[in-house]
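These protein sequence lines are chains A and B, in that order. Residue 0 is where the first sequence starts when you use numbering that gives the first Met the number 0, and the numbers rise one by one after that. Residue 0 is where the second sequence starts when you use numbering that gives the first Met the number 0, and the numbers rise one by one after that.
By construction, these hints were calculated from the structure, which means they are not laboratory data. A hint or two may mislead.
[To be verified] If you anchor each label on the Cβ, the simulated ranges turn out as follows:
| no. | chain 1 | residue 1 | chain 2 | residue 2 | range |
| --- | --- | --- | --- | --- | --- |
| 1 | A | 408 | B | 0 | 54 to 62 Å |
| 2 | A | 332 | B | 116 | 24 to 32 Å |
| 3 | B | 110 | A | 356 | 21 to 29 Å |
| 4 | A | 168 | B | 109 | 56 to 64 Å |
| 5 | A | 423 | B | 116 | 33 to 41 Å |
| 6 | A | 406 | B | 18 | 18 to 26 Å |
[Said to hold, decoys possible] Below, simulated DSBU-like cross-link-like pairs (lysine-lysine); rule was C-alpha separation at most 30 Å, straight line:
| no. | chain 1 | residue 1 | chain 2 | residue 2 |
| --- | --- | --- | --- | --- |
| 7 | A | 230 | B | 69 |
| 8 | B | 11 | A | 403 |
| 9 | A | 185 | A | 159 |
| 10 | A | 262 | A | 234 |
| 11 | B | 69 | A | 177 |
| 12 | A | 230 | A | 185 |
| 13 | B | 11 | A | 136 |
| 14 | B | 124 | A | 357 |
| 15 | A | 230 | A | 262 |
| 16 | B | 124 | A | 262 |
| 17 | A | 45 | B | 11 |
| 18 | B | 11 | A | 402 |
| 19 | A | 136 | A | 403 |
| 20 | A | 185 | B | 69 |
| 21 | A | 45 | B | 124 |
| 22 | B | 11 | A | 177 |
| 23 | A | 75 | B | 124 |
| 24 | A | 159 | B | 11 |
| 25 | A | 244 | B | 124 |
Since the model is a prediction, treat every value here as computed from it, not as a measurement. For each residue, glycine too, the CB sits at the ideal point set by N, CA and C.
Here's the letter readout for the chains.
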Amino acid sequence: MKTTANATCPFCGCLCDDLSVTIEDNRIISVDNGCALANAKFLDDKRLQHPVIRENNRLRESSYEEAIEISADLLKNADRPLFFGWSGTQVEAQCAGVNLCEVLGGVIDNTSSICHGPSILAIQEVGHPGCTLGQVKNRADLVIYWGCNPSESHPRHLSKYTTYASGFFVKNAHRERKLIVVDVRKTESADLADEFVQINPGGDYAVLSALRAIVRGRSDFIPETVSGVPKAQLKRIVDICKEAKFGAIFFGLGLTMSENKYKNVRNAIELTRELSRHTKFTITPMRGHWNVYGANEAFTWLTGYPYAVDFARGTAYYNPGETSAVDILARRECDVMFVIGSDPGAHLPRKCLEYMSKIPVILVDPHVNCTSVFADVQIPVAIAGIETSGTAYRMDGVPLMTKKLIETDFPTDTEIINRIHEIVVG
Amino acid sequence: MKYIMLTGRSIKQGESIEQKLSQNYSLITSTCFMNLLDMVNLELEDGENIRAISDSGSVVFHVAGDEGLKSGTVFIPYGPYCNMLISELTHGSGMPDFKSCEIEIGRTDENVLSVIDLLSEAGGKEL
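Using the sequences provided together with the hints, build the complete structure.
Here is the structure:
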């Protein structure tokens, strides 16, 4: 039995890197410091043992060689292959994926397009006044969670970086750090807040605009309620913000997935700017799926664009809404889909799934999941971040080297992509 | 009456994410949380079933009360059940309306489908 200290969790964008993982006979038997999500991830022991190939509408076991050759043939013969996923794997595999897509003239998208893609669109318009989580922990005396529920989606965010995390300039966080939660739903996180603002669905843009007006001293323009929020509460929120020495806004998919989408995020960034005329304020997206930030980084280094990159013209072209996975599937445009590090079968709208059932789908994933139901080839791999080492990015853009905790005979994501690449280029 | 369907992460959904064809994942992601008064108006009790209908599809869910929801809103954990109701349209943004989908709700005696049966309605194949 051995214990590995300071292991990094491969579940959410917090990338908690202080876990102690105990291993016996090359199996993980316990995890200390992890949240419920980490424990489930590390202790899960059910997985697909062999590659499978669909024949006569039934899946049969195959060798890795056969599954890789069939995958390469499908991709080579495709006119418009779509490569989707990438947030559940490491940067090394993401880079290999971009290279393979470029060789094939395909289109590659990561799960940003259905999580914080709109945040990136807003940042491209107006910039990103952000900071690291360490700055928040050590300096912030006010934290605002807007459209997110970290108690359930990022369970250790509050204890590592905000409400319960004392820092260099905030010696007693629970007493000295105020917490505001803004949401359409009174969540567990809202129960912890000093001030909870419950807005009507779709009301984020109006509330953000009202707050900006009040910060600018124009509360005379504001009606008595804005999207269900009393004017008095809005003015109180602005007072709390202005009195803070360092305010940190974190926002979730409550802004990106509701009406107005990236315009909500743009407005939140502009509010951050307004507040920074009075005191110090920063804003950070609560990146959800582990290394999705790394996918944006890797895509940007290699193509110039963070997601939804189309190589069909021989050069990188980017236009979310046109080159993003949901739109390509909805238009019935791709003729093969390669999926890695995500499960679109569980997370895309029905029409996309209906089209996935009509085209060959190649799935690279250790687990049988909802995409397996649509897959024609599934290749099981080592579990990224547990059975492979590599680079992953935290939600604040800090890259961390993740440890290989246990040995495995399963190939890595990168190996599978590179072997397909070798066959494709001959 | 139309309801706004909010979809999102729940900790139970996150815990079961690597076993998506399990009964546990099915139960978690097929639960529709509703405002308590809305449940009274529809004469629904915890654990009873509803059929939710949108312009894109129709799915049976279990129902459970949630005091944190405003009247007219429902919350369903991320998963294939709620996504059967979401439109593929993204308004040129790449992002579907995962948190602003309008649905109608009616009580039903029909059963909730398993994940595989649900996906087979969208063309999912045999395993």
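Item to check | Numbers of unmet hints, in rising order | outcome: 16 and 25
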